[in-house]
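Trainee: Chain by chain, the residues run as shown.
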Amino acid sequence: MATRQTQSLAAIMRAPAIILLLIWMVVPLGMTLYFSFLNYNLLNPANTSWAGFFNYRYFYTDPAFFQSVWNTLVLVLGVLLITVVGGIAIALLIDQPMFGQGIVRILVISPFFVMPPVAALVWKNMIMNPSYGVFADIAHFFGVDPVDWFAQYPLFAIIIIVAWQWLPFATLILLTSLQSLDGEQKEAAEMDGAGFMSRFIYLTLPHMARAITVVILIQTIFLLGVYAEILVTTNGGPGYASTNLVFLIYRAARLNFDIGGGAAGGIIAVVLANFVAFFLMRAVGKNLD
Amino acid sequence: MARAVTTRTKAINTAVAWTVALVIFFPILYTIITSLKTESEAIAGFNLIPSFTIESYIAVQTQNDYFKPFMNSVILAIGSTILALIVGIPAAWAMAFSPTRRTKDILMWMLSTKMMPAVAVLVPIYLIFLRTGLMDTRIGLTVMLMLINLPIVIWMLYTYFREIPGEILEAARMDGASLWNEIVYILTPMAIPGIASTALLNIILAWNESFWTIQLTTTNAAPLTAFIASFSSPQGLFWAKLSAASTLAIAPILIMGWFSQKQLVRGLTFGAVK
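Chains A and B, in that order, give the protein sequences.
Here the numbering used here is used: the first residue of the first sequence is 1, the next is one more, and so on.
Here the numbering used here is used: the first residue of the second sequence is 1, the next is one more, and so on.
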């Protein structure tokens, strides 16, 4: 149908976006790969030399590396568990008939729009502060000692903050999926005497399966990159207790000026992210046809 | 649904849902309340009734020049959105209306660029910004934000454009309209809502982006994310002032977000959930 003229015009219209993204993908990543094989420190740039796999070995044998990979996994899985389970529960709740549904929805999704530094600082100061925070007030009310969250359970505290930010996302997507469920099917199941649990397991959950997959995969991409929340609360500490891979690389590259080490860490992060990306692309790709 | 619901069930639902919603919303609510307290009230223990003073709002402006990072946020969010639309609209348009055999592959590849962890290119981007003098400039950061959101913009526009019926196009072509005429007179009016939704989502994402905005700025180009993050030390900013700065930082986006719930689902799931 399309004439040759419109086709060449279409090619010209596509070109800027493709070229930009191609440059954006190839050039920095190529540079990272190159730097990862160099001894290159910004404090001593004159002494730059070929390092072979030294940076990778260095990263790999550093105990902080395994701790940061472990912390990354705990952070991602912890937040996923809270947001998916909580998101399903809250979506089911909001889907019920009630007064002021629209306002409830707005209140529940609000945390998603709060920028990470604000979210983290509000939780750190006003909620979790061991002397003045709301949690401390609640602890005093019950006569127990308040918890010093960021000293005693730093990673868990960050998981709570990040989960608070992402719970609305999971809820919103799962609610959207839930509302597309055919009402007649639900009624038919009810008339056949199916209880709440069996309706949930055999009807609602399978219907939401796709949305749940999407929530898990998209959140994982963003959760692998958590940074600002750690920066403003624990700064990765105490020790490396709340350092994830992103923060470890940031520390190497920006605080220790170790360009080679930071680049090697970056390549490791790419490999990790690709595992997730592979599955996400398959799930989303099906929707294109 | 035709199901009859007793008032009692509805009342219970309402009570439970409102309780959950208020607990989730509480940190935001408490930030707003604290912003209206005096500094001594702010650390005087749990108290939901402030003295409704706006002294903290005045203080963040007079002491910390709040207007500067706020304007940087506005410029970065809107600037990167306009850039992304300029590049994204023609691309999405071409792929939606003149698809080739490779269109699907191109779209998937664009999506894959979004999977690249930002930290993987921290080192080269940081060095490039240092060497070229882009560090701490609004123009450099605007381009960065445009690049990281471009895949989402193109995808979202593409899913909207695909919903425009092709018959209208064919009718126009039969009447001898050129592609340019089709775009300007027929399709653009139909595409405006989709473009507006895409712009809205992009502004939200750019406003809240907190990796590059912190890494690539110091003072001149620092938007609100970097400004607020710089107050992470306890002695940095008192709570009432921090709350005032935070309230102002999240208010515009919170309100925009409330109006864009549906688009958000679509944009963030790359059209996989509608």
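Check before you lean on any hint, since a few could be wrong.
Said to hold, decoys possible - Away from chain B, derived, C-beta distances all over 12 Å, residues of chain A: (1) M25; (2) Y40; (3) D95; (4) G102; (5) P116; (6) V144; (7) G195.
As the list claims (entries may be wrong) - Partial chain A-side listing against chain B, Cβ under 7 Å, derived: (8) R14; (9) L21; (10) T61; (11) A64; (12) L107; (13) V214.
These aren't lab readings, by the way, just hints derived from the structure by calculation.
Glycine is no exception: its CB is placed at the ideal position from the N, C-alpha and C atoms.
Trainee: With reference to the structure, classify each hint as holding or not holding.
Mentor: Structure-based check of each hint:
no., hint, result
1, M25, "violated (5 Å)"
2, Y40, "violated (9 Å)"
3, D95, "violated (10 Å)"
4, G102, "violated (10 Å)"
5, P116, "violated (4 Å)"
6, V144, "holds (16 Å)"
7, G195, "holds (15 Å)"
8, R14, "holds (5 Å)"
9, L21, "holds (5 Å)"
10, T61, "violated (20 Å)"
11, A64, "violated (15 Å)"
12, L107, "holds (4 Å)"
13, V214, "holds (5 Å)"
When held up to the earlier numbered hints, the structure conflicts with 1, 2, 3, 4, 5, 10 and 11 and fits the remainder.
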